Amino acid sequence: MRAHRLLSDQIRQQRRDEEERQKAALVAEPQDSARGATTAEAEAHSKAPRELGRGSMFQRCAVLDEHVAANGAVMGRHREFLDEVHAMRRAQAEAAGQTYDPLLGARGGIGPADGPHSRSVQEQAAWMGPAMH
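Letter 103 of the sequence shown, counting from 1, is numbered 103 in full-length UniProt numbering, and no numbers are missing.
The set of hints was computed from the structure by calculation and includes no laboratory data. Fair warning: there could be bad hints in the mix.
Derived Cβ-Cβ restraints for the label pairs, each shown as a range [stated by the list, open to error]:
id, residue 1, residue 2, range
1, L52, L7, 49 to 59 Å
2, R54, R21, 13 to 23 Å
3, S56, A91, 50 to 60 Å
4, L64, R15, 20 to 30 Å
Source: prediction; values computed, not measured. Here a beta-carbon is modelled for each residue, glycine too, at the ideal position from N, C-alpha and C.
Put together the whole structure using the sequences plus the hints.
Structure representation (structure tokens):
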């Protein structure tokens, strides 16, 4: 009976050690890629996060973190593009002697089209603060 208990304890300890090694590998993997990865490798890593819903809860959380980081990178690139568009439209409006408001468009036709949803879009975008201006 005592031998069985000792063997069971040994098996439990081996499992704990293996779980700790896996956790350390999951934690070290993003840190290693962040330190030594080039931007192309980092973008490739952010473009292809692992599949959701597989593995232990710790692995699932790590995959969710990857997806959050990838989505954040995509949203950042979108924001940069929109900022460039607004800068271009602002320059066009200044060249025409007008003022450009990202929510209302330029006075005189440079900017978003006036449509039935323009006011609704403006109201919904207002709560987002300066990111939409």
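The hints, checked one at a time:
1. L52 / L7: 49 to 59 Å: violated, 37 Å
2. R54 / R21: 13 to 23 Å: Since R54 and R21 have Cβ atoms about 19 Å apart, the given range 13 to 23 Å holds.
3. S56 / A91: 50 to 60 Å: holds, 53 Å
4. L64 / R15: 20 to 30 Å: holds, 24 Å
The structure shown violates just one earlier hint, number 1.
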